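If you read the protein sequences in the order shown, they are chains A and B.
Heads up: the first sequence at position 117 corresponds to 117 in this note's numbering, and the numbers run straight through without jumps.
Heads up: the second sequence at position 51 corresponds to 51 in this note's numbering, and the numbers run straight through without jumps.
Honestly, the hints are just simulated from the structure, not real lab data.
When chains are identical, the list treats them as one kind, so a pair holds in a single copy or across two.
Taking lysine to aspartate or glutamate pairs in the EDC-like style, the calculated list, with each CA pair at most 16 Å apart, reads:
| id | residue 1 | residue 2 |
| --- | --- | --- |
| 1 | Lys79 | Asp169 |
| 2 | Lys81 | Glu62 |
| 3 | Lys81 | Asp169 |
Treat the numbers as computed from the prediction; the structure is a model and nothing was measured.
Number of protein chains: 2
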Amino acid sequence: MTAAANFSIALIHYPVYDKNHDIVATAVTNLDVHDIARSARTYGLSRYYIVTPVEEQRRLVEKIRTHWLEGWGSTYNPKRKLALELLKTEDTLQAAVAEVEERTGKRPKLVVTGASGRPNSVTFGELKALMDADPDQPFMLLLGTGWGLTEQVFKASDYVLEPISGGGDYNHLSVRSAAAIMLDRLFGR
Amino acid sequence: MTAAANFSIALIHYPVYDKNHDIVATAVTNLDVHDIARSARTYGLSRYYIVTPVEEQRRLVEKIRTHWLEGWGSTYNPKRKLALELLKTEDTLQAAVAEVEERTGKRPKLVVTGASGRPNSVTFGELKALMDADPDQPFMLLLGTGWGLTEQVFKASDYVLEPISGGGDYNHLSVRSAAAIMLDRLFGR
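The shape of chain A in the complex, shown without the other chains:
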């Protein structure tokens, strides 16, 4: 099994911070569904989880998914179908973790992105080496929406991945762009 085939990505809509550092559930953005699914398929990932506790939001994502998998969209644009086949909605991060465990028999190592200098922080190169060293070990990359993942999620994670640097001090990529760059750094040729 390649490292990518044992790797999944989860877009977390709760618990995340809002602008005032309050813990909230953010709304799902349509292009997050498509863009990250397409990136996940391009780099050969096993799954893309969209995590939100809001049932109506999960239904909305399922509606998008069904449209492109079974509806008119599946014949209009089969490339979208291939991407959205990776998509799974879950109400909690724990449920996404359980789904990996059920599929692979192993609890995934959780990776978050954040400032370096934390005790369990790793570079992209170090994370690649960890994955190559144990191809049977699933990994899951957690992406925050809003103003970022809460401290609680950071504490529950196994690794903190170094932030993407563009060389300057501006580092405010969209979550869609950040996901694409991270997957390219980990799995791109």
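Chain B: place on chain A using the hints.
For chain B alone, coordinates are given in the frame of chain A:
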């Protein structure tokens, strides 16, 4: 001057192909404006051009830009302001090229992305070497919308950059994700 500071990116809405290989003008997507501006700012680019011959569409982009630069958005989220300062709308690719020439005194070398094997195709490494060899030479990366840039744009370009490969045969990234990955490969640390 760094290579990035002499590098610009242009999102082309005309001339591009539609699904049936007809040449059309596509509509501007709101998140293309924001995501690519944020990526351009992260990697230190000089400009981000949105090219469309449709006056109403240029007005729409200007409205978004003004909202975040001068309106309520400028105080709500100053990071967006920094990104959208790079944005300029133009009616044609020629006008964007002329703007670079006016600013820098040199016509930019035009780079498109496409399948390898064309006579003027370069890898990411080769393009980096070309830029480093002549820091005074501006470069402009052209991104197509719809079903891609027309043959006419390819013929008018100086270099064809190798496509992004994720290792498999699926290669259908969104233009936002592709732009982010290309800038990271060229300028990321």
